[in-house]
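Read off the chains here:
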Amino acid sequence: MHPPLSSQKVNLQMQGITVRYGSFIANDGVNISVDHGQTLALLGENGAGKTTLMKVLAGIIKPESGRIQINGKEVQILSPIHSQQLGIGMVHQHFMLIPTLSVAKNVCIGLKSAGYPFPNILKVENELIKISEKYNLQIDPKAIVSTLSVGTQQRVEILKALYRGAKILILDEPTSILTPQETHGLFGIIKFLTGQGCSVIFISHKLNEVMEISDRITVLRQGKVTAEISKDETNEKDLSILMVGHEFTKKRTIKPVPPEASELVKIDRITYFDERKLPVLRELDLTVKKGEIHGIAGVDGNGQVELAKVLAGILRPDSGRIFINGNDVTKLSPGKRITAGLAHIPGDRQRLGLVMDVSLGENFILETSGKEPVSKHGILNFNNIRNTSKQLIKDYDIRCISVDQTAATLSGGNQQKLVLAREFSRMPKFIIAMQPSRGLDVGATEFVHEKLLEQRENGNGILLISTELDEIFELSDRISVIYEGKILATLSREVANRERIGLLMTGKTDV
Amino acid sequence: MFNKADNHNIELEFKKQRRAETLTAAGSSIGAVILALIIGAVIIRLLGVNPFDAYRALIDGAFGTKNSIAETLLRAVPLAITGIGITAAFRASIFNVGAEGQLYLGATSAVCVGLAFPTLHPAILLPLMAIAGMITGALWGGIAVLLKLKFNANEMINTIMMNYIAIYFVSWLVHGPIQQPGSPLGQTAGLSDNAILPIILKQTRLHIGFIITLLMVLLTGFLIYRTVWGYQIRVTGKNMFASQAAGIKVKWVFLSSMLFSGAMAGLAGFFEAAGIQHRMIENISSGYGYTAIVVALLGQLNPFGVLLAAILFGGLQIGASTMETAVGVPASAVTLIQYLIVILFIGRKAFSLIIQQMKKNRKVAA
Numbered sequence: 001m002h003p004p005l006s007s008q009k010v011n012l013q014m015q016g017i018t019v020r021y022g023s024f025i026a027n028d029g030v031n032i033s034v035d036h037g038q039t040l041a042l043l044g045e046n047g048a049g050k051t052t053l054m055k056v057l058a059g060i061i062k063p064e065s066g067r068i069q070i071n072g073k074e075v076q077i078l079s080p081i082h083s084q085q086l087g088i089g090m091v092h093q094h095f096m097l098i099p100t101l102s103v104a105k106n107v108c109i110g111l112k113s114a115g116y117p118f119p120n121i122l123k124v125e126n127e128l129i130k131i132s133e134k135y136n137l138q139i140d141p142k143a144i145v146s147t148l149s150v151g152t153q154q155r156v157e158i159l160k161a162l163y164r165g166a167k168i169l170i171l172d173e174p175t176s177i178l179t180p181q182e183t184h185g186l187f188g189i190i191k192f193l194t195g196q197g198c199s200v201i202f203i204s205h206k207l208n209e210v211m212e213i214s215d216r217i218t219v220l221r222q223g224k225v226t227a228e229i230s231k232d233e234t235n236e237k238d239l240s241i242l243m244v245g246h247e248f249t250k251k252r253t254i255k256p257v258p259p260e261a262s263e264l265v266k267i268d269r270i271t272y273f274d275e276r277k278l279p280v281l282r283e284l285d286l287t288v289k290k291g292e293i294h295g296i297a298g299v300d301g302n303g304q305v306e307l308a309k310v311l312a313g314i315l316r317p318d319s320g321r322i323f324i325n326g327n328d329v330t331k332l333s334p335g336k337r338i339t340a341g342l343a344h345i346p347g348d349r350q351r352l353g354l355v356m357d358v359s360l361g362e363n364f365i366l367e368t369s370g371k372e373p374v375s376k377h378g379i380l381n382f383n384n385i386r387n388t389s390k391q392l393i394k395d396y397d398i399r400c401i402s403v404d405q406t407a408a409t410l411s412g413g414n415q416q417k418l419v420l421a422r423e424f425s426r427m428p429k430f431i432i433a434m435q436p437s438r439g440l441d442v443g444a445t446e447f448v449h450e451k452l453l454e455q456r457e458n459g460n461g462i463l464l465i466s467t468e469l470d471e472i473f474e475l476s477d478r479i480s481v482i483y484e485g486k487i488l489a490t491l492s493r494e495v496a497n498r499e500r501i502g503l504l505m506t507g508k509t510d511v
Numbered sequence: 001m002f003n004k005a006d007n008h009n010i011e012l013e014f015k016k017q018r019r020a021e022t023l024t025a026a027g028s029s030i031g032a033v034i035l036a037l038i039i040g041a042v043i044i045r046l047l048g049v050n051p052f053d054a055y056r057a058l059i060d061g062a063f064g065t066k067n068s069i070a071e072t073l074l075r076a077v078p079l080a081i082t083g084i085g086i087t088a089a090f091r092a093s094i095f096n097v098g099a100e101g102q103l104y105l106g107a108t109s110a111v112c113v114g115l116a117f118p119t120l121h122p123a124i125l126l127p128l129m130a131i132a133g134m135i136t137g138a139l140w141g142g143i144a145v146l147l148k149l150k151f152n153a154n155e156m157i158n159t160i161m162m163n164y165i166a167i168y169f170v171s172w173l174v175h176g177p178i179q180q181p182g183s184p185l186g187q188t189a190g191l192s193d194n195a196i197l198p199i200i201l202k203q204t205r206l207h208i209g210f211i212i213t214l215l216m217v218l219l220t221g222f223l224i225y226r227t228v229w230g231y232q233i234r235v236t237g238k239n240m241f242a243s244q245a246a247g248i249k250v251k252w253v254f255l256s257s258m259l260f261s262g263a264m265a266g267l268a269g270f271f272e273a274a275g276i277q278h279r280m281i282e283n284i285s286s287g288y289g290y291t292a293i294v295v296a297l298l299g300q301l302n303p304f305g306v307l308l309a310a311i312l313f314g315g316l317q318i319g320a321s322t323m324e325t326a327v328g329v330p331a332s333a334v335t336l337i338q339y340l341i342v343i344l345f346i347g348r349k350a351f352s353l354i355i356q357q358m359k360k361n362r363k364v365a366a
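Residue numbers (the working numbering), protein chains in the order written: chain A, 1 to 511; chain B, 1 to 366.
Calculated directly from the structure, the hints in this document are not laboratory data. Note that CB positions come from ideal geometry on N, CA and C, so glycine has one too. Please note: incorrect hints may appear among the correct ones.
Some but not every residue of chain A turned toward chain B, in silico, with C-beta under 10 Å [as the list claims (entries may be wrong)]: (1) G313; (2) I314; (3) D318; (4) D348; (5) Q350; (6) M356; (7) D357; (8) I365; (9) T368; (10) S375; (11) S402; (12) D404.
So that you can see chain A by itself, here it is in the shape it has in the complex (with noise of 0.2 Å):
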């Protein structure tokens, strides 16, 4: 057992921490402190500088300014291994393990003192057992990782950590990726270690788990903290309004959609399973009328990829029904889909809407490479390519050299801008807008939503699907929150606001 550490109470402290990528600062002025055997969450959307503060913490980045104390003794911290031996133990949102080894060899990789060059495996073996049963981990160091379930691979992060001597435990959104029971167990596990004397840090968005788990609550808002609470002091609602934020967000004047706008999209009850035979979607409703943006807000990993993949045609639902314009296209290919006047601009652009070692012409013409007057008896027509992909330049205005540089050298927000040409150009009906200004700066974000807006004037129907809710508030002719796979409620834009939003996106619905 270790001594008694109550006698120093604050284990960790981080003050005035600022980072800045380029002109934007990720971290501005933050602090956190920890207590010994305490539990902090932190609390934010993405990209409110929650991981940032994390990489600091894991020597990953080095802040600009602000000071860092463990034990109440000033600490640089230089390197991810220097961070490991001041006691701090970072488990990924993503593991970090290899399949094929033992859990044993996991542990040990990369660690001299388990033995140099030949690790003692089975000395480590021992002192892993010791480890689990004094934490509770119930973990066979001998057993292979694949093997593993997701919860217990989980929980071998967590003894790889303690193993390394981690005193404070980061858990960066430990579960996005858990069963209810997994995380029951983990919770557990959590309560376990802060009885010991460990500190937690928690990283989440997910209010319930927030109020259930943590001592006291850091909430993170664009790189400040808005709050730092007890969580006696707090409640759910309260936290949402601190997460989100209160302020006016501009509401552009554009015409309502007329009433009897006639439905274009409709989705009939889609069920998708993932890989581990998990439901994503569950059961989903919606419907996206012409001349509308209907906003799918809601918090990362609620089924939006899944929802944006299932209608482009590259995931095949489980169950339900998809109709474009009346037709049932559940079982056409992406290809046919696109044919019926579906455009797709993917979350992900650089993995799937572009290929990024072609030149920006063959990025043109990924979708219409087989047709006319791109192609003739499968012989490609170069003319027509030149001179189309040269009108799209100039119109979009994507800056560049030349239509033969490749994807890879345009910025990121040039990038986007070539997805939009070419799927705009092709005069779809149905656009599926994904994470449609992720990674983009003021200006390329104000261009695409422009863009977005031209096409609903235009008569075409938008699923506008993002996370960010400044985004959503000013786009949306209707708003539904997406929860779990599932459509919690539809709002008008006239009703819609942030507080409510907020509250839906967290799994709240008795508002």
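Since the structure of chain A is already known, use the hints to place chain B on it.
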């Protein structure tokens, strides 16, 4: 932003830069060859032979006479034709390591057609044999991709294993059902004159297959760079997820690139059987299907580059025996040089990484 003249200048600058990039790419292939030859020279020196004499004999053996040129080109034929097939598959990110087996089966079925209709006019019989060889090679390769699409089985492993099945199956055939009657050797009866490829250079063995190879190189270049099929192969190979999302039938792209690849290997088998051996024999290929992978990579997956690489490898292999008899350097020294080329070419990225790291270190030190 820019006025028109500026734009024009920038575009010119960009074109210059692109040309430089292409040259650097070609340079990395040429550099690997030169470096391998230098290391080879050191080894030859260690064997107690003057490397200049050895290389002179090598070049002389490969390109010195009309006949040696013909032999070099003859050796380049199966390497080039198999290499352009492998190029198409690799471009689609289908790793066809099975060209050797596809070549064996293609050669066998071409010879079977030739033996079955010995009296048909050559203008009909030869194309029939070629088509039989190509279809057989394509089907054998196609199985590996079907397994990939159906069961997510790795085509690289499967094509390697299928090579053994094909080669041993052919070995059984030429020792059994299709063995030349009365012969103890693993070979079929000889093809009739109608089933033999005509010679295009008198007093040599150089047959019409070389001309067809040149035409196939042109055709493949056209297919890859100018057609929708080639475009879809290229983009699918670079990013299958974006291609699939854009409606390209990626499964067909995978399958068709392999069918083409197998067909080319089968065609090479037909050339070897009908152009050189004039029958099917047990060891019809001395690893052309494997060497062609190296040839394809060294040719930067560009059909014209592949042709040059094939002629280079053909010359090295043909010149090796002259070098052996003239100066006493074992022909295996050339095999060594070939593999050095492979290692140096594949490792070219490591070199640039090392150089980058060294520059970085120097900066830190400074």
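For each hint, the structure was consulted:
1. G313: Check passed: Cβ of G313/A comes within 8 Å of chain B, closer than 10 Å.
2. I314: 6 Å, holds
3. D318: 20 Å, violated
4. D348: 9 Å, holds
5. Q350: Given a least distance of 9 Å, the restraint on Q350/A holds.
6. M356: OK, holds: M356/A within 10 Å of chain B, min 7 Å.
7. D357: 5 Å, holds
8. I365: 8 Å, holds
9. T368: 9 Å, holds
10. S375: Holds. Min distance 5 Å.
11. S402: 5 Å, holds
12. D404: 7 Å, holds
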